[in-house]
Every structure is written in C-alpha cells, then in structure tokens.
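Enquirer: Note that the protein sequences, when read in sequence, are chains A and B.
The first sequence: position 27 = 27 (this note's numbering), numbered continuously.
In this note's numbering, each number is its position in the second sequence, counted from 1, plus 1000.
No wet-lab data here; the hints were simulated from the structure.
Warning: the hint list may mix true and false statements.
Distance ranges between label pairs, derived from CB positions [stated by the list, open to error]: (1) A:Thr16 / B:Lys1140: 38 to 46 Å; (2) A:Gly34 / B:Ala1034: 45 to 53 Å; (3) A:Arg24 / B:Gln1156: 18 to 26 Å; (4) B:Thr1139 / A:Val81: 57 to 65 Å; (5) A:Asp62 / B:Asp1112: 22 to 30 Å; (6) A:Pro33 / B:Asp1112: 42 to 50 Å; (7) A:Gly85 / B:Thr1139: 37 to 45 Å; (8) A:Thr108 / B:Gln1010: 34 to 42 Å; (9) A:Pro104 / B:Thr1094: 54 to 62 Å; (10) A:Val81 / B:Gln1010: 23 to 31 Å; (11) A:Thr108 / B:Glu1093: 52 to 60 Å; (12) B:Thr1233 / A:Thr108: 22 to 30 Å; (13) B:Asp1112 / A:Pro104: 34 to 42 Å.
Just so it is clear, the structure is predicted and the values come from calculations on it, not from any experiment.
All residues carry an ideal CB built from backbone N, CA and C; glycine is no exception.
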Amino acid sequence: MTNAKPKPKPLTITITPDAAEHVRSFAAEAGKPGTQLRVAVKGGGCSGLTYVLDLVDEFKKDDKVIEDQGLRLGVDRKSYVFLAGTSLEYYGGLNGKGFVFNNPNAKTTCGCGTSFGV
Amino acid sequence: MTAPSPPPIQQQYDALTQTVALIDRSNIGRLSLAGEDALDLLDRLSTNALQDLAVGHGATTVLTSNKGRIVDVLFVLQEADSLFVLTGPGNQETVSSWIDFYTIIEDVTSRDLTGETAILSLAGPDAPTTLGELLPAQTKVPNAHEAVSAVISEVQATVIRTDFIGAPAYDIVVANTDGLQLRNILLEVGAEPAGIDVTEALRVEKGMPAFGKELGESYNPLEAGLMPLISFTKGCYIGQEVVARLNTYDKVQKSLVGLQWDGDSAVESGTRLLLDDKQVGVMTTAAMSPRIAGVIGLGYVRKAYATPESELLLESPGGPTPVRVTPLPFDTD
C-alpha cells in the first residue's frame, strides 16, 4: 500500500471530440481543410476577458502548440496563463452556444458565457 | 467713500463665470496610448462608443470594473498616430496598469506623459475669443470635444476643448519646460488666475462629479449621473452587463444630489448624512459658493431620500448640522 497521491495532470488545453469535429468542419467550409486553430484571450467583454478563436495558416512564433483529437491548437503565449486547464467544448442545436470554454481559471462569467473574469 | 475692491475669491469667480480665467490643471494625469489596437481596446474597456473617433476629436468615457464600478473617467483624444488620454488627478498609474493588465494579444503601448508635460487651461465665456487671439490666423478655435495642434507665441501646444468646468474650457498641453512661458502668455492676454477654491465652487454649483470625490470604485456611472457617457447599443465592455441591468431594472440605489447648509465648508469628504440616526448618504464635496453666498455641497443619498428639500443631518466635526437636499445644478436661474 502506498500513500503517494496521484500526480496532478499537467495543465494544458484540451478539446472534446465533438468540438474538434466542428473545427474541421468549419475549416473545410472555409475551403482551408488544413488550417489550424489558434486560441487567445483579449481584454473586454462584460466580465473583463473575452475568448478569441481563429482559423490560421500559421501560428505565431511564441505560440504554445498543443495536439489533441488530431488537431493542432496554437495558444497565444500571454493568453495561456488565463487558459491553462481549459476544455474547449461544443454545444450545437437550436439553443446551443457553439464553442464553449470550460475554464477553471474563470471566477466569474457573463450571462452569455463569452467573457470571464479571473 | 469708494466701494471696497472685491475680494480675490470673488474676482476669480467673476473671471471664471463672466470673462476668462487661467487654471493650472497639471495635476490631471496624461497618458499616450500607441499601437493599432489602442482605440479598440479602450472601447472594450469603457462605457462610451469610441470606435468612430476621427483624428482631432475626443470623447469622455468611463473606465468601469467588472462590477460596473468607476475606475476613472477619461477624456480620450484621437491624435494622428496615438491616443492622448486625460485621467483623474494623480490617477495615471492606476489607469495605465489597468490598461496594461487587459493588453494581452493587442498592439497597445502606454506611456505616462504626466511628468513631462503641463496643462494650463482657459475657462469662461470669453475663453473662445481669448484663445482665438492667441492661435495663428489660419488655425480654427476647436469646438467642443475637438483639439488642434498649434504654436502659441513660439510654444508648441495641443489645445483641447474639454469644457471640464461645465463652461467653455480649453486644456492647453505643453512641454513641462514651456509651462511658465505659456502661463505668462495667458496672463498677458488678460486671463485671471483662478485657484482650487473657486473651481471647486463652480464645479459644485454645476453639479459635476470629480474623481476622488464623487467618482471612484464606491460608485457606478448611473449613480454619478453619467448616463450621457454610456452607450447602451455599442455592445460589450467591462461592466456592461451590470450597468445594463441596473438601468433596465431600475436598481440604482443612490443618487448624486446637491446639499446646502448653514455653517462651515471645512467638512471632510466622506462625512456621513443621517436621518433618524441612520446613515442615508455621504457628503463628498463641500464648497463656499460665491453665487449663493453660502455653503453648498455634493453627496450621494439613498434614492428614497434624494428628493428636493429632504432634511438630513450632516455629521460635521462641530456637531450634527441640518442639511437640505437640493436639485442639481445649483446655477439654474
């Protein structure tokens, strides 16, 4: 018997299979099936910070690159501190919100869920 | 027997309200924001719609926290390559840090110009004429919220019409080293120096809130009467959800009101206002008004008691003083 605690998972950004499929679908619709997803945070929105998703041909030099669900994600280096541990999910349907960031760093979120505070 | 000459305070007040006064506003913070995202970022951090500001035009906007509280009220001028921002007195570092915190992917660089510049202001009904005499013939006197860059008797200056005192008023921004020369130029054309007592008196008469007194993190823009500085259609900014909810559901708890009492104006900002031994408000500014020849003030009072002629007690050092709630501004005839 050992008392060793399980090692905490490294803080990274993950994407659910459904969200990854929708990224690929949007990229194909845009006529750029090989494009990659860039994730960042910008100031603003009701709660202080807003998520930014972009389909890009190339990541920026300092981006942190993560691979998940067969997709390459580039994360803006300064934004990463606000995003570490986030799961990018997708909620479709008539009342769905589209891409949703399940972000453990968010202490507050606005009503529509597009912005958060830390 | 000749009539005694008016006391200096009355003289200053007359200049400010009837001719033209010279006011040193160098305590106001000055920042330069460079980078292609500067205007977009400020638009996302504050209440007013800034996106369409043309070069040479400015707007006043409220920097709000995510709780909808006031961080500062800024005057933002679009210059050719950057933004020039006026903050509250001595508040430039807080504003600069606030902007820096929210600069993540944006191309924005802030620089503090407060120490290297001076602001002298011409204020009063004759200020436009006086400024017109100083500006080169081909330079138009700026309208409200506009600015021009000009050489005034060999001094390079940016002249911004901010109307900070609720009357025609131009902030003239020059290099610190040119401040004294500009002051002499303005005195030579007849501007009468006006000090803090007089500018505060006029501000209170006009019911204008000031940073550090009526404007700060204890209050939201609706309580402070800053509705004209809020866009309800431009979309999200920090605090927007709270401000919109307060407005839609009429949840504003207190109002900025005028106060009037007999006695002393030497009462500290923050002194409590009582009714039946319970606090119902706070006095934020007290001033001796030359117009009313008495003490007036500004304060926040819970909405139920913010009606004209409500009688409250001011917890002043000399003992409780009866205070009348009065509508703003004081200076309507």
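Enquirer: Each hint should be assessed against the structure and marked as holding or not.
Expert: Now for the hints, and whether the structure bears them out:
1. A:Thr16 / B:Lys1140: 38 to 46 Å: Taking Cβ atoms as reference, Thr16 of chain A and Lys1140 of chain B lie about 60 Å apart, which means the hint is violated.
2. A:Gly34 / B:Ala1034: 45 to 53 Å: violated (36 Å)
3. A:Arg24 / B:Gln1156: 18 to 26 Å: The hint (18 to 26 Å, Cβ to Cβ) is violated, given that Arg24 of chain A and Gln1156 of chain B are roughly 58 Å apart.
4. B:Thr1139 / A:Val81: 57 to 65 Å: violated (48 Å)
5. A:Asp62 / B:Asp1112: 22 to 30 Å: Taking Cβ atoms as reference, Asp62 of chain A and Asp1112 of chain B lie about 27 Å apart, which means the hint holds.
6. A:Pro33 / B:Asp1112: 42 to 50 Å: holds (48 Å)
7. A:Gly85 / B:Thr1139: 37 to 45 Å: About 57 Å separates the Cβ atoms of Gly85 of chain A and Thr1139 of chain B, which means 37 to 45 Å is violated.
8. A:Thr108 / B:Gln1010: 34 to 42 Å: Roughly 52 Å apart at Cβ, these two residues miss the hinted range, so it is violated.
9. A:Pro104 / B:Thr1094: 54 to 62 Å: violated (29 Å)
10. A:Val81 / B:Gln1010: 23 to 31 Å: Given about 58 Å between the Cβ atoms, the range is violated.
11. A:Thr108 / B:Glu1093: 52 to 60 Å: violated (25 Å)
12. B:Thr1233 / A:Thr108: 22 to 30 Å: holds (24 Å)
13. B:Asp1112 / A:Pro104: 34 to 42 Å: holds (35 Å)
Against the hints set out earlier in the document, violations occur for numbers 1, 2, 3, 4, 7, 8, 9, 10 and 11.
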